[in-house]
Structure formats: structure tokens, C-alpha cells
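Chemist: Okay, here's what each chain looks like letter by letter:
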Amino acid sequence: MQVVPTTGRAELTPFEDAVDRLELAVAAPVVIQRLLATIADPRSSVRDVEAVLTVDPSLVMRVLKLASSAVYARRPVRDLGGAIRTVGLHELRRLAVTAHFATGKSPLARELWAYSLAVAFACERLALIGRPPPGPDLFLCGLLHDIGTLVLDRLLGERYARLAIVPGDGRQADLERAAFGFDHTDLGAMAVARWNLFPELEPVVQLHHDPFAADRLGLPAASQAAIELVALARLGFLTTSEVLTDGEPAEVDLAVALAGRRGVTMDQACDCAEEGRAQAAAVLGALTAA
Amino acid sequence: MAGVLIVDQSPGLARDVAAVCQSVGLSVVGAARDGLDAVDQAMRLRPSHLVLDLLLPRLSGTQLLATLRRQGLSPLIVVVTAITARESILAARQAGAHAYLLKPLATARLIEVLSSRRGDVVAAITG
Numbered sequence: 001m002q003v004v005p006t007t008g009r010a011e012l013t014p015f016e017d018a019v020d021r022l023e024l025a026v027a028a029p030v031v032i033q034r035l036l037a038t039i040a041d042p043r044s045s046v047r048d049v050e051a052v053l054t055v056d057p058s059l060v061m062r063v064l065k066l067a068s069s070a071v072y073a074r075r076p077v078r079d080l081g082g083a084i085r086t087v088g089l090h091e092l093r094r095l096a097v098t099a100h101f102a103t104g105k106s107p108l109a110r111e112l113w114a115y116s117l118a119v120a121f122a123c124e125r126l127a128l129i130g131r132p133p134p135g136p137d138l139f140l141c142g143l144l145h146d147i148g149t150l151v152l153d154r155l156l157g158e159r160y161a162r163l164a165i166v167p168g169d170g171r172q173a174d175l176e177r178a179a180f181g182f183d184h185t186d187l188g189a190m191a192v193a194r195w196n197l198f199p200e201l202e203p204v205v206q207l208h209h210d211p212f213a214a215d216r217l218g219l220p221a222a223s224q225a226a227i228e229l230v231a232l233a234r235l236g237f238l239t240t241s242e243v244l245t246d247g248e249p250a251e252v253d254l255a256v257a258l259a260g261r262r263g264v265t266m267d268q269a270c271d272c273a274e275e276g277r278a279q280a281a282a283v284l285g286a287l288t289a290a
Numbered sequence: 001m002a003g004v005l006i007v008d009q010s011p012g013l014a015r016d017v018a019a020v021c022q023s024v025g026l027s028v029v030g031a032a033r034d035g036l037d038a039v040d041q042a043m044r045l046r047p048s049h050l051v052l053d054l055l056l057p058r059l060s061g062t063q064l065l066a067t068l069r070r071q072g073l074s075p076l077i078v079v080v081t082a083i084t085a086r087e088s089i090l091a092a093r094q095a096g097a098h099a100y101l102l103k104p105l106a107t108a109r110l111i112e113v114l115s116s117r118r119g120d121v122v123a124a125i126t127g
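Chains as they are written, first to last, in the numbering used here: chain A, 1 to 290; chain B, 1 to 127.
Simulated from the structure, these hints should not be mistaken for laboratory data.
Ideal Cβ placement from N, Cα and C applies to all residues, glycine included.
Hints may contain errors.
As the list claims (entries may be wrong) - Listed next, the stretches of chain A that the computed footprint assigns to chain B, with coverage defined by at least 3 CB atoms under 8 Å from CB atoms of chain B:
hint: 1; segment: 171-183
hint: 2; segment: 193-205
To be verified - Coverage of chain B stretches by chain A, computed from C-beta distances (three or more under 8 Å per stretch; other residues unrestricted):
hint: 3; segment: 34-48
hint: 4; segment: 60-67
hint: 5; segment: 70-83
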């Protein structure tokens, strides 16, 4: 390693500055990183999974609340072993990621997770119809695709609130880019790349507003399908939203094109969005219940 | 095509890099301010050299390098970035980076790197 005296400008671009402060805004989800790695390791036992989670008792409490809810067990689940027996490791992973991230009391945080959970459940349902090639967990791709919104909210506070962002809105990235020179997809992609949760997540986070850009990147088919299904679930959510009824023509065209590519009708996409929205409300209700 | 594609969000840095390139006899064939534009330009121009930041909007520099590799492009890669993390340096090296320079840019070092031959040792330089 050579050390050379420096010359020239030292100022950071706004994006470099935001990335520099990223970890001050949202700490790396260490327990979730360990949990995903442990569950992905075929040598791991149920006890290993329990050991990872029990270092965070408040997370365990939220996982048990979710596992006991009407969406999952429909009966009280008292400990992690019971949760794993009831929902299985695959579902436990989703519960834990949901319980870790889908918190926050600000109006934007509540809207963000209601939207993101709806997209996550809609992705699962769309996959049953469109049958993408085996790949990443589409629920987690849907749940975390807009993580950059959370990061921007935490990082910029009042400056971000002034944009009056509505999660999922097609104009969101343009508004952010005009205000800050970068958007939630850029910062979110940088965050998940650092967290290293699973490799397919970064392109989903980066390209969910621009899914056909994935064509130019030569990504594997499963990765491309994940980007397109998340984008379609987002557009289905908007199409069926009471808040955003004046859909941009370009967004409608994008939704129709994506649905056609994934072998899904727009009616099916809207049905999946409605069902996703109902499941998301149930999960958030369980998380916030006393 | 013999020439350099410069990829950086900062116009000032891009100008500095262009000036260095010209001083060593390399022509600048393109400049991009985000990762997706860089992919498009690289596919079209097939530059011999790529000088890029890793912190890019619309596609990170790391994803850009992975894309070029998937598409069969292998320019001489010089990273100029503010990221100091060891993992980032290793990832750039694995992606085929010839040199990894930290911002603020040491122009003398960039001249040296651009004048060197492909296959020379990867240089990681701290500011």
C-alpha cells in the first residue's frame, strides 16, 4: 500500500455526503444479517437460529406477536421454538425481517411499511401466477425494495418531510433527485450493498422504478424477474390506491408492459395488490397491538 | 476504441480527470454522471480505459463493473472514489480494477497509473 500526499478538491458531492453519513441514520441490521446467514447455512440447527435471535429480546417479542397473529398461527406462540415449529424457518426469516424493519411511529414510516408490506405480499401472490425462475425471496425483495425512503427520512428529517413523499408514487424519485441530486433508490442500493443481506436485493432496490433497465445489465433471469415483479406489485398498489388515483400515463403503460412480460393480467395484478394490502394491514395491526 | 470513459457525478472531478488523460495522450471518448448512462456509453464506445467513482446514482460503480464483465468488456479500470473501506478496495480489485485512488484526487498518481501498463500491480492510495 502506497501513501501519497493529496492535492485538489476535497468537497464531497451530496450523494457522497449522504453515503458517508448512512450508518449514522440507519445502523446495519446485525441480527438480521446473522439470521439470514444462519438459515442459509445447511449445517445450522434450530438452536443456532434461536441463539442468533435471542440476543435481541425486543425483536423476539415482536416475532412472537407476529407468529401468534391471525396471519400466521392464529393461536398464542410463546417461544421461538414454538414459532419455528408453527411457521417454519423460511417464514420465520420473513417474520424477523418484518419485525426488525417495520417499526417507527412517524407518519411516513407508518405509510412506508403499510405500502412495503402490501408490495411484499402482492409479490408472493404474483409469483404464484407468473411463476418466475427460482431465485431470491420475493417477499423480502418487496418488503425492502423502498428501504432508501427510510434512510432518506432518517438522514434528512425535516428537509425530506418538506417533499411530502407518498411511498410508491412514481414521482418520488424525480422529486428527490431534483431536491438532493440523488434518490431513494441510489441510497437504498448503497445501504443494502453494505448490509449484504442477499445479493439479488441491491438491483431490486436500485431499479424498481426503472425495471427495464435490467435488460441492459445482463442480469440473471431470476434477478430480472424479481425486479419486474416488485415493480409490478408497486404499480398494482398504486392502481388500486385511494390516495393515488391520477396515475401517470407512463406508469400505466409500464404496468401493462410488465404484466405482459410476467404472464399476469392487470386484473390479477390489482387483485394481488388488494389482497396484499389486506394482509399488510393485519400484520401491522398485530405488530402494534398491545 | 482507444480512449477513456470518465464516470463521476462531480463535473469538477471529471474535468480534472479529462485534463490528466489528455496530458498523457489519451483521448476522452465519453463522460457519464450515473451508472446506467455509463453502461450505455461503455457498450457503445467500448473504451480502452474507464475512470470511475463507485458512488454513482442509478447504478453503483460496483454494479457497473459487474455489468461490464458480464457483457464481455474489459477496459483498464481506475477507481477514483471517497470510499475508504477495505471491502470496497477488495471488491474493486476482484472486479478487475487496475488502480484504486482516493479522493481528493492526487493527479500525479493518476498520471502514473494511466501511463502504466495493464497487468501492473493494483495501487491503493490513501489521501
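Chemist: Against this structure, judge whether each hint is valid.
Modeler: Consistency of the hints with the structure:
1. 171-183: holds (count 4)
2. 193-205: The restraint on the segment 193-205 of chain A holds, since 3 of its residues have a Cβ under 8 Å from chain B and three suffice.
3. 34-48: holds (count 4)
4. 60-67: holds (count 4)
5. 70-83: Holds, because 4 residues of the segment 70-83 of chain B bring their Cβ atoms closer than 8 Å to Cβ atoms of chain A.
This entry satisfies every hint, going by the numbered hints stated previously.
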